[in-house]
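**Q** Sequence:
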Amino acid sequence: MNTVPPSPAPAWRGRLHLARWLAFPALLLVLLALYWGSLELAHHTLRQNALDKAAARATHTASAVAVQVNTMAQGLDFVLQNLIASYNDGGTARLDESVATVMQAYPDGTFLQLALADASGRIIYSSLGHAPRVSIADRPHFRAHLKGGTPRLYISAPVLGRVSHRWSLQFSRPVLQDGVFRGVLVASVSPDYISRLFGQIQAGPHDMISLLREDGTYLAQSPGNNPVLGRKVPPDRPFLRQRREASGLYAATSIADGILRINGWQRVPGLPLVAIVGLDREDVLRPVEAQIHSARWRGLWGTLVFLSFGALVNWLLMRQVQQQHLLQTMYDIVPAGVLMVDPSGRIMEANATAHRLLLADTLAGRTLAEVCGPLMASTDGVHRLTEIARWLTLGAGQRLHGILLHQPAEPERPARWLSLSVACAPDPRLGFVLALNNVTAQHEAQARLAESEERLTLALEGGSLALWDWDIPSGCIAYDGRWSLILGRPLNHRITDVTAWKNLLHPADREAMEASIQAHFAGSDSRYEAEYRLARADGDWVWIQVRGQILRDPATGAPLRALGTALDITARKSDEAERVALQNRLEKLTSQVPGVVYQYRLHPDGRSSFPYASPGLAEVYGLAPEQVREDASPIFDVLHPADVDAVMRSIAISARTMEMWQQEYRVCHPDGVVRWVLGHAKPEREADGSVLWHGYITDITARKEAEEALHQLATTDTLTGLQNRRSFYERANAELARTRRHPTLGGALVMVDLDHFKRINDTFGHAVGDRVLQHVAQVMQDALRAEDFAGRLGGEEFAVFLAHASESGALQFAERLRGRIAVTPVILPTGPITLTASFGCSALENGDPAIDTVLARADHALYRAKSGGRNRVEASAPRAPL
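So for the sequence shown, our numbering puts the first residue at 326; every next one is plus one.
The hints are simulated quantities; they were obtained by calculation from the structure and are not laboratory data.
It cannot be assumed that every hint is accurate.
Derived DSS-like pairs (lysine-lysine); straight-line CA-CA distance at most 25 Å [stated by the list, open to error]:
| no. | residue 1 | residue 2 |
| --- | --- | --- |
| 1 | 898 | 827 |
| 2 | 378 | 827 |
| 3 | 378 | 898 |
| 4 | 1191 | 1083 |
What follows is a list of derived Cβ distance ranges for each label pair [unchecked claim]:
| no. | residue 1 | residue 2 | range |
| --- | --- | --- | --- |
| 5 | 629 | 374 | 27 to 35 Å |
| 6 | 930 | 831 | 41 to 49 Å |
| 7 | 1172 | 417 | 34 to 42 Å |
| 8 | 569 | 956 | 38 to 46 Å |
In this text, a Cβ means the ideal position worked out from N, Cα and C, and glycines have one as well.
Based on the sequences and whatever the hints tell you, model everything.
**A** Below, the structure is given as structure tokens:
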């Protein structure tokens, strides 16, 4: 065998090994930099998401506070109007009665004082007792009503009272009598009352709710009024600069306690007020920063482990580079074709197998390009020569494997695949060794297997699944490399003792998992599924979902093997835990809020439900939240029948206009109790066309009862229970207007005056006189129809309005009533008192401008009845009736 002088190995080969060795640590550093950069970006996103959620919560709460403030102000305005009506009707005595009712209706401490000032500003009445000699003429809440115009509610800045020497908010209204300004009624409301209302909504310990005037003056704040009363917010606040905006957000440090808060603000509808809800930014970010701190520590430990692993790999690579220069090329001793080739690529020697595989009688002396070139896959001759030249550049100890040569099919021989391996001799001057193997069967099998493995790999990677295979009798478990990613630690691909695997289980899951496995072993079901926790290398626990199939002995049914997949479900479990925790916090918060906090969804097909309702639903509606979660009809079943249509219409209008829903209505409880409630909610259009309202419902029964009591005081004569003069005039004028629109209805008015009533007072005393008036009022009430009404105009003078009656009908009624009074004496312990009364009647006529005209005619007829001897009925002079 001839040899040729060896050619030296290229110098660049050593530099390539060095470059490869240095590239690995550089790659590690780049990966670490990318990891920490992405981690910090995720932390920034986490903080921003927390701030965005807090901003949304502050905005929604500010909107709810604004609605509550508007409701409170409307209630106080209603109180002031009714107190003014009481004063106009009965003076300070009647006013004092109404004030007592108001004080009972509101919580203790709400009002510091209810005071009335005359037109000069001097206090003429005070709920504190005797009216102090104080003037409020210089106060803004008095001067605001001197300009005239439409009477309205005025809300002042906080005032330090001259009598009480306490801070108060002045809610005032002008007192008008026949359109003439007579003074101002002032309700001095304690800011602490508003603070307590805000305190019921406040969630966090450092959260703050404030109420301000539009000029930035503080009216109330929770917690604590003292630091801010008498002060204003800085002029840079957005609601001071953006007058046209109804709501917004800003971050600022509070002047009360120096805490930086995320503030949502909302202007109160119809009032020059702004509601602000501030959430402590530090409280918002505290759980996020704790999570970030923990993540950084985990990242640091992971980095140390990663660097340690990289150092080990780099050391091994260096060792490999060194060994490649020390190892000598060994000939492959296999039943294969062997070719000895000189450094120029000419075959020096070949064994018989090589001749048979290459279908050649002679190989020695021929070149590799001549023998192997035609069998190479490429049809490009230049590419073939380049590839063969590459074989000849191998250095000492280097080799090439898996070079495929293809022999096309012939009429009497199928196609064949040959595997070529090239190895350089220990001394490159000796040339190369080539080994040939017939790999046709393996190639075809590998092609089929590669296709199958590709499909399996794509399925596993797409589902992030790891494989496991458990030989049950031996306890040996085999698994793929994805388990290392799940557990964060390098693992062998086989565990010979199942106990080692069970030691990775969370202590709380071991017993349940063991019981689950045994149940499947004992049962007939071959499929297995379980969820449990395994220990990661960093000390954390990872949740996995395991699914598999058990293979059994066909003869005995004993389990022999189990194999399947595992999926990392830690993120899903964490999300579930976070949702449960959030739900618990929400339930705890809403359970402390009076009334019901809820979400109401109206679907496009008309179905409705309450996806969420706080526990207060049971108190307001007598229903559990679960009863209406899927179907809201039980709520509408307990509404007062007279209110159902109004509630449904208001919901439909809000859904159509997407405006705030607000409605007062009654709820009928199973025990027969009827409660008044007030609902507020803000609508939101969803992607499927549904409308979702977020709002709350409060019980306003006490307020309604107080309003009814005030209405009774303002419209009823307290002695007789009949309508008082003002109320009778208002209702009679309304009836007169109705008869103008429908002349055929008609109507008449009867004036009644008791005969010799002064003699009864002088003889028996005023107490008996009051008893006589009550007796006559009852006789009159018994004689009225449902559509008629009576009133006491003053002293012993009464009036009766008869609907749908002519003057002749009024005369008949008056005659019947006269007879009843005459035959129904007042029974006293001292004996009966016989009464008589005189009556004057007048029908409503064309051209009557007001009820005063009709009363004048009836009064003239009454005068004639008195002059004619009393105890008689007279009609007015006849005119054209309506």
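**Q** None of the hints should be skipped; say for each whether it holds.
**A** Hints, one by one, checked against the model:
{"no.": "1", "hint": "898 to 827", "in the structure": "holds (21 Å)"}
{"no.": "2", "hint": "378 to 827", "in the structure": "violated (42 Å)"}
{"no.": "3", "hint": "378 to 898", "in the structure": "holds (22 Å)"}
{"no.": "4", "hint": "1191 to 1083", "in the structure": "holds (14 Å)"}
{"no.": "5", "hint": "629 to 374: 27 to 35 Å", "in the structure": "holds (29 Å)"}
{"no.": "6", "hint": "930 to 831: 41 to 49 Å", "in the structure": "holds (46 Å)"}
{"no.": "7", "hint": "1172 to 417: 34 to 42 Å", "in the structure": "holds (40 Å)"}
{"no.": "8", "hint": "569 to 956: 38 to 46 Å", "in the structure": "holds (43 Å)"}
Hint 2 from the list above is the single one not met by this structure.
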